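Asker: Residues per chain are reported as follows:
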Amino acid sequence: MGLDITVKIGGEAGQGIQTVGTLMAQVCHKAGLHVMAINDFESRIRGGHSFFQIRISDKPVWAPHHRINLLVALDRRTFDLHCDQLVSDGIVLMAKTAGEEENVLSIPFETLADKAGGKITSNTVAAGASLAILGAPFEIFKSVLSEQFGKKSDVLKMNLSAAELGYRSVKGVSLNSGFLWDFADPKGRLIDGSRSIALGALAADCRIAAFYPMSPATGVMANMNSFSRDFPVVVEQVEDEIAAINMIIGASFAGVRSMTSTSGGGFCLMTEGLGLAGITETPIVVVNAQRPGPATGLPTRTSQGDLQFVIRAAQDEFPRFVFAPASPAEAYETTARAFRLAEKYQVPAIILVDQFFCDSLYTDDGPFPVPETIERFVVGDKDMANAGDYKRYEVTPSGISPRALPCKGEALVVVSGNEHLEDGHISEDKLNRAAMADKRNAKVAGMLGEMTPPRIFHGNSEILLVGWGSTEGVIQEAVAMLQNEGVDAGSIHFNDLWPFPAKATLTLLDQGKKFFVVEQNRTGQLGQLIRQETGLSHAGAILKYDGRPFYPIEVAEGLKKYLE
Amino acid sequence: MVTVDDYYSDFENKWCPGCGNFGILAAMKDALVKLEIPPEKIVMVSGIGQAAKTPHFLQCNTFHGLHGRALPLATGAKIANHDLNIIVNSGDGDCYGEGGNHFMSAIRRNVDLTLLVHDNKVYGLTKGQASPTADRGMVTKMQPQGVMMESFNPLAVALVLGAGFVARGFSGNMEHLSRVIQEGIRHKGISLIDILQPCVSFNSVNTFGWYKKRVYDLFEEDYVPDDFDKALKLSREWGDKIPIGILYQKEKPCFTDGIATLQEGTLLSREYDPKRLQNLLNPPTT
Numbered sequence: 001m002g003l004d005i006t007v008k009i010g011g012e013a014g015q016g017i018q019t020v021g022t023l024m025a026q027v028c029h030k031a032g033l034h035v036m037a038i039n040d041f042e043s044r045i046r047g048g049h050s051f052f053q054i055r056i057s058d059k060p061v062w063a064p065h066h067r068i069n070l071l072v073a074l075d076r077r078t079f080d081l082h083c084d085q086l087v088s089d090g091i092v093l094m095a096k097t098a099g100e101e102e103n104v105l106s107i108p109f110e111t112l113a114d115k116a117g118g119k120i121t122s123n124t125v126a127a128g129a130s131l132a133i134l135g136a137p138f139e140i141f142k143s144v145l146s147e148q149f150g151k152k153s154d155v156l157k158m159n160l161s162a163a164e165l166g167y168r169s170v171k172g173v174s175l176n177s178g179f180l181w182d183f184a185d186p187k188g189r190l191i192d193g194s195r196s197i198a199l200g201a202l203a204a205d206c207r208i209a210a211f212y213p214m215s216p217a218t219g220v221m222a223n224m225n226s227f228s229r230d231f232p233v234v235v236e237q238v239e240d241e242i243a244a245i246n247m248i249i250g251a252s253f254a255g256v257r258s259m260t261s262t263s264g265g266g267f268c269l270m271t272e273g274l275g276l277a278g279i280t281e282t283p284i285v286v287v288n289a290q291r292p293g294p295a296t297g298l299p300t301r302t303s304q305g306d307l308q309f310v311i312r313a314a315q316d317e318f319p320r321f322v323f324a325p326a327s328p329a330e331a332y333e334t335t336a337r338a339f340r341l342a343e344k345y346q347v348p349a350i351i352l353v354d355q356f357f358c359d360s361l362y363t364d365d366g367p368f369p370v371p372e373t374i375e376r377f378v379v380g381d382k383d384m385a386n387a388g389d390y391k392r393y394e395v396t397p398s399g400i401s402p403r404a405l406p407c408k409g410e411a412l413v414v415v416s417g418n419e420h421l422e423d424g425h426i427s428e429d430k431l432n433r434a435a436m437a438d439k440r441n442a443k444v445a446g447m448l449g450e451m452t453p454p455r456i457f458h459g460n461s462e463i464l465l466v467g468w469g470s471t472e473g474v475i476q477e478a479v480a481m482l483q484n485e486g487v488d489a490g491s492i493h494f495n496d497l498w499p500f501p502a503k504a505t506l507t508l509l510d511q512g513k514k515f516f517v518v519e520q521n522r523t524g525q526l527g528q529l530i531r532q533e534t535g536l537s538h539a540g541a542i543l544k545y546d547g548r549p550f551y552p553i554e555v556a557e558g559l560k561k562y563l564e
Numbered sequence: 001m002v003t004v005d006d007y008y009s010d011f012e013n014k015w016c017p018g019c020g021n022f023g024i025l026a027a028m029k030d031a032l033v034k035l036e037i038p039p040e041k042i043v044m045v046s047g048i049g050q051a052a053k054t055p056h057f058l059q060c061n062t063f064h065g066l067h068g069r070a071l072p073l074a075t076g077a078k079i080a081n082h083d084l085n086i087i088v089n090s091g092d093g094d095c096y097g098e099g100g101n102h103f104m105s106a107i108r109r110n111v112d113l114t115l116l117v118h119d120n121k122v123y124g125l126t127k128g129q130a131s132p133t134a135d136r137g138m139v140t141k142m143q144p145q146g147v148m149m150e151s152f153n154p155l156a157v158a159l160v161l162g163a164g165f166v167a168r169g170f171s172g173n174m175e176h177l178s179r180v181i182q183e184g185i186r187h188k189g190i191s192l193i194d195i196l197q198p199c200v201s202f203n204s205v206n207t208f209g210w211y212k213k214r215v216y217d218l219f220e221e222d223y224v225p226d227d228f229d230k231a232l233k234l235s236r237e238w239g240d241k242i243p244i245g246i247l248y249q250k251e252k253p254c255f256t257d258g259i260a261t262l263q264e265g266t267l268l269s270r271e272y273d274p275k276r277l278q279n280l281l282n283p284p285t286t
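Residue numbers (our numbering), protein chains in the order written: chain A, 1 to 564; chain B, 1 to 286.
If you are wondering where the hints come from, they were derived from the structure by calculation, not from laboratory data. Please note that a few of the clues may not be correct.
Facing chain B, from chain A, some residues (calculated, C-beta under 10 Å) [what the hints assert, rightly or not]:
| id | residue |
| --- | --- |
| 1 | Lys171 |
| 2 | Gly172 |
| 3 | Leu175 |
| 4 | Ile242 |
| 5 | Thr282 |
| 6 | Asp316 |
| 7 | Asp365 |
| 8 | Thr373 |
| 9 | Pro402 |
| 10 | Leu412 |
| 11 | Glu422 |
| 12 | Asp423 |
| 13 | Leu543 |
| 14 | Tyr545 |
Quick list of simulated restraints, FRET-style, between CB atoms [said to hold, decoys possible]:
| id | chain 1 | residue 1 | chain 2 | residue 2 | range |
| --- | --- | --- | --- | --- | --- |
| 15 | A | Ala295 | B | Gly258 | 47 to 57 Å |
| 16 | A | Asp383 | B | Thr3 | 26 to 36 Å |
| 17 | A | Ser153 | B | Gly265 | 33 to 43 Å |
As the structure is a prediction and not an experimental result, all values here were calculated from the model. The C-beta atom is built at its ideal place from N, Cα and C for all residues, glycine as well.
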């Protein structure tokens with residue numbers, strides 16, 4: 001029986017819940033354990049209620065767990081809200097207790113922090129106490145703190161002392177299911193979703209990112225910003241999302257790979273620009289980190305409500321790619337691939353993630369490959385018989401026209417968002433209009449050939465759970481639960497969503513199998529899409545749309561209701 | 001040597017006969033020839049409207065984009081390759097109406113480009129509605145009771161936002177306009193040139209004759225455009241006398257000068273280096 005512990009740290013916004021959680025995750029990662037942590041917070045800077053829930057295991061974990069082994073309550077409300085999730089032998093750490101059961105320990109975080117040299121270290125006290133209960137060797141915590149504060153020796157000293165006081169405060173207390181800490185090498189990297197996307201952009205040599213701040217998409221841009229010192233990367237915060245998308249279109253036109261990231265509301269503002277990228281055949285990459293909507297919706301919560309929106313966003317018809325990665329390693333590779341394919345086919349590519357993915361912390365031992373070279377799909381004067389005759393929108397069988405860059409030679413690059421002739425000049429000619437619409441949409445055949453089929457997990461099962469994007473880990477764990485209970489269930493999962501890989505989907509689903517979609521929206525948008533593209537209908541839908549991520553047990557129970 | 005023939009385009013012009021845009025196009029070509037800039041060294045970015053069609057009527061690299069969005073698009077191109085010589089052709093509706101937010105931000109960023117706003121106080125392409133620069137009270141089919149908003153003053157707004165080159169031209173004075181455009185292109189930073197032009201189809205008030213009677217040339221007045229307060233006062237002069245020329249000019253650090261990584265060359269010219277990413281992903285152990 002493997003180890004599987006969940007620690008929940010809760011309190012008010014501004015109390016440093018994330019700091020405690022991140023420190024713990026770093027210690028566990030360093031010790032060779034696997035972690036998966038979700039970040040739950042309100043749309044406010046101070047007060048309210050937030051929590052960081054970290055699952056620690058000696059096996060890979062890709063989903064949050066619904067039961068808590070250790071609850072660190074930085075305020076009373078955390079205890080009241082979450083004590084019913086505690087396992088029977090769970091432990092609670094609180095600053096002040098009020099005669100609760102013996103598993104509720106009073107740890108005066110702030111008093112101990114004061115002793116260590118300042119209230120600011122109370123997070124370190126809390127992390128210390130929690131790690132001590134898990135039985136984590138102090139040495140590892142010490143080295144994590146040294147890495148964090150090493151440059152400021154006074155601060156480090158204070159934190160080390162706080163850590164020690166935290167450790168001592170729970171001396172003799174341990175979880176019944178305590179870990180065996182046998183110093184293995186770290187399992188892959190400790191990384192959140194946002195960072196994996198930004199790293200993927202670097203791996204595609206993306207050099208410009210323009211954005212308007214919007215939760216939960218800002219993390220991607222914050223990471224890009226952190227690269228701008230050591231890489232040729234410019235990140236510009238702009239006046240609105242309309243400016244952001246037009247700016248990256250301009251940058252791409254001039255020859256530099258560019259991206260933006262936003263959430264649903266910002267994506268709404270970008271839709272006209274998306275169409276501009278479509279008709280001008282300018283490659284761009286747009287990250288949509290979904291949150292519940294419409295309009296402002298729930299700014300800091302999660303959702304998969306934008307699938308049908310992004311595959312159709314903007315008026316009229318033009319090809320685009322839509323990808324929804326499920327893990328950091330996949331997000332890294334998918335983002336890099338999105339840039340490459342956007343440029344190869346001269347179309348916009350959309351990466352559809354969500355708050356759950358962006359703000360969650362994973363240990364991922366995926367490869368994160370670094371390309372030796374970057375293939376650019378551009379031409380110059382030397383590739384042309386006569387640069388003076390260059391036509392940006394030359395009609396070709398593949399629909400892909402040679403793409404030259406402005407001011408890089410004699411060839412004049414004429415681009416227009418109006419319908420245009422092969423040379424880029426505006427035209428209302430009816431034959432030309434039809435030819436240009438045909439040319440643009442002709443790319444779909446090639447694009448379809450680039451799509452990876454959905455991933456199969458126990459695909460020979462009688463019942464299949466079908467999901468997309470961030471929920472793969474949750475669904476696979478639900479499948480394991482169901483199989484343990486004797487239910488013959490498997491799953492298939494989509495990363496590449498558009499153009500829709502209909503052939504592969506038909507092969508997987510059209511075997512008289514019952515399939516159920518699992519989605520974080522109200523209407524089963526992938527289910528609708530599958531029906532539209534393959535004619536196959538799902539037998540049911542397991543949906544969660546309260547803004548919170550799925551727990552595996554909810555998926556398993558959702559299916560069992562159908563089977564009753 | 002660059003000649004005006006280099007800029008000749010046989011693409012069918014789509015403006016009304018007598019449109020002020022013809023004067024602006026001629027002045028633009030004249031300025032480019034005098035500055036000896038060949039077509040392949042110019043990028044024209046435009047939004048939507050009659051003015052925004054300008055790049056199709058001469059030879060150059062062109063991005064004819066969305067209504068109001070020329071400036072952010074041009075800014076992106078400039079970040080990617082700050083060696084580009086960019087001219088934005090916009091109109092009063094495009095730049096000050098739909099694109100107002102971008103107009104403010106582009107000035108605040110001080111992006112090194114030349115912004116020509118063909119200002120005829122009406123929406124020509126949609127048949128004559130009032131634009132942001134229409135004078136209060138101007139009657140159109142869609143504003144039968146007259147415009148009820150204050151007229152937008154682009155020059156005053158640009159000045160208070162810190163623009164380093166604020167000028168006004170008149171489509172009816174080609175030579176003067178060419179000189180202003182040449183100065184604008186030479187200026188480092190954003191150069192706003194608001195160009196008064198008649199709309200022969202939809203503006204029966206601000207006609208060629210109406211302007212001709214009122215405009216006076218600041219070059220002839222020996223006006224020195226280095227005083228912000230004087231410039232602000234001039235920017236508000238409207239009615240019987242309307243100044244044309246450079247109201248204000250001051251060199252300031254432009255946007256791309258402030259971005260550290262661009263000092264090592266244009267983003268476009270930089271080499272991809274897999275080692276850097278390798279080091280970031282897998283830091284060498286110390």
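Asker: Each hint: holds or not?
Answerer: Quick rundown of the hints versus the structure:
1. Lys171: At about 34 Å, which exceeds the 10 Å cut-off, the nearest Cβ of chain B leaves the hint on A/Lys171 violated.
2. Gly172: Violated, because the Cβ-Cβ distance from A/Gly172 to chain B comes to roughly 37 Å (cut-off 10 Å).
3. Leu175: Result: violated, 33 Å to nearest chain B Cβ.
4. Ile242: For A/Ile242, the interface hint holds, since the closest Cβ of chain B sits about 6 Å away, which is under 10 Å.
5. Thr282: Since chain B brings a Cβ to about 9 Å from A/Thr282, closer than 10 Å, the hint holds.
6. Asp316: Cβ of A/Asp316 sits 14 Å from chain B, so the hint is violated.
7. Asp365: Status violated, d = 13 Å.
8. Thr373: holds (7 Å)
9. Pro402: Hint on A/Pro402: violated, closest Cβ of chain B at ~15 Å, above 10 Å.
10. Leu412: holds (5 Å)
11. Glu422: Violated, about 13 Å.
12. Asp423: Status holds, d = 9 Å.
13. Leu543: Where the cut-off is 10 Å and the nearest Cβ of chain B is about 37 Å from A/Leu543, the hint is violated.
14. Tyr545: violated (33 Å)
15. A/Ala295 - B/Gly258: 47 to 57 Å: violated (36 Å)
16. A/Asp383 - B/Thr3: 26 to 36 Å: holds (28 Å)
17. A/Ser153 - B/Gly265: 33 to 43 Å: Given a distance of about 39 Å, which is inside 33 to 43 Å, the answer is holds.
Checked against the numbered hints listed earlier, the structure breaks hints 1, 2, 3, 6, 7, 9, 11, 13, 14 and 15; every other hint is satisfied.
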